[in-house]
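Novice: In this text, residue positions in the sequence shown follow the UniProt record's numbering: the first is 1, and each later residue adds one.
Watch out, some of these pointers could steer you wrong.
Unchecked claim - The list that follows gives simulated cross-link-like pairs (lysine-lysine, DSSO-like), each with its CA atoms no further than 30 Å apart:
(1) K79 <-> K9
(2) K17 <-> K79
(3) K90 <-> K79
(4) K90 <-> K9
(5) K85 <-> K17
(6) K90 <-> K17
(7) K2 <-> K85
(8) K90 <-> K2
(9) K79 <-> K2
(10) K2 <-> K17
(11) K9 <-> K85
Hints were generated in silico from the structure; no laboratory data involved.
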Amino acid sequence: MKLITAIVKPYRLDEVKTALQEIGVHGLTVTEASGYGRQRGHTEVYRGAEYQVDLVPKVRIEVVVEDEAADDVMDAVVKAARTGKIGDGKVWALPVETVVRVRTGERGPDAL
Numbered sequence: 001m002k003l004i005t006a007i008v009k010p011y012r013l014d015e016v017k018t019a020l021q022e023i024g025v026h027g028l029t030v031t032e033a034s035g036y037g038r039q040r041g042h043t044e045v046y047r048g049a050e051y052q053v054d055l056v057p058k059v060r061i062e063v064v065v066e067d068e069a070a071d072d073v074m075d076a077v078v079k080a081a082r083t084g085k086i087g088d089g090k091v092w093a094l095p096v097e098t099v100v101r102v103r104t105g106e107r108g109p110d111a112l
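All chains, full assembly: derive it from the sequences and hints.
Specialist: Have a look at this one:
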């Protein structure tokens, strides 16, 4: 199993959720996040005063899938989240040793 983690722009979340549902992903976790990459934040004007926004709002999406589905899930997230502009985000995969469904105690693939 793999843990797929994606950091994307918040307004692309609905597109990513739809793309994952279309390929059969039934559950995911979404967390609000903030950070920066190459864009190093940006400057905004508020009530006439200019200030630097160092941390850009993002969302972190996590989903656990079978090894065979990992590449398809990553491709779907990338396609749905891409705007072609700096700050689109990152997607990565990590191995998961085991998963347990709390309600039933099922383990491994049955717990997904």
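Novice: Which earlier hints can't be squared with this structure?
Specialist: none
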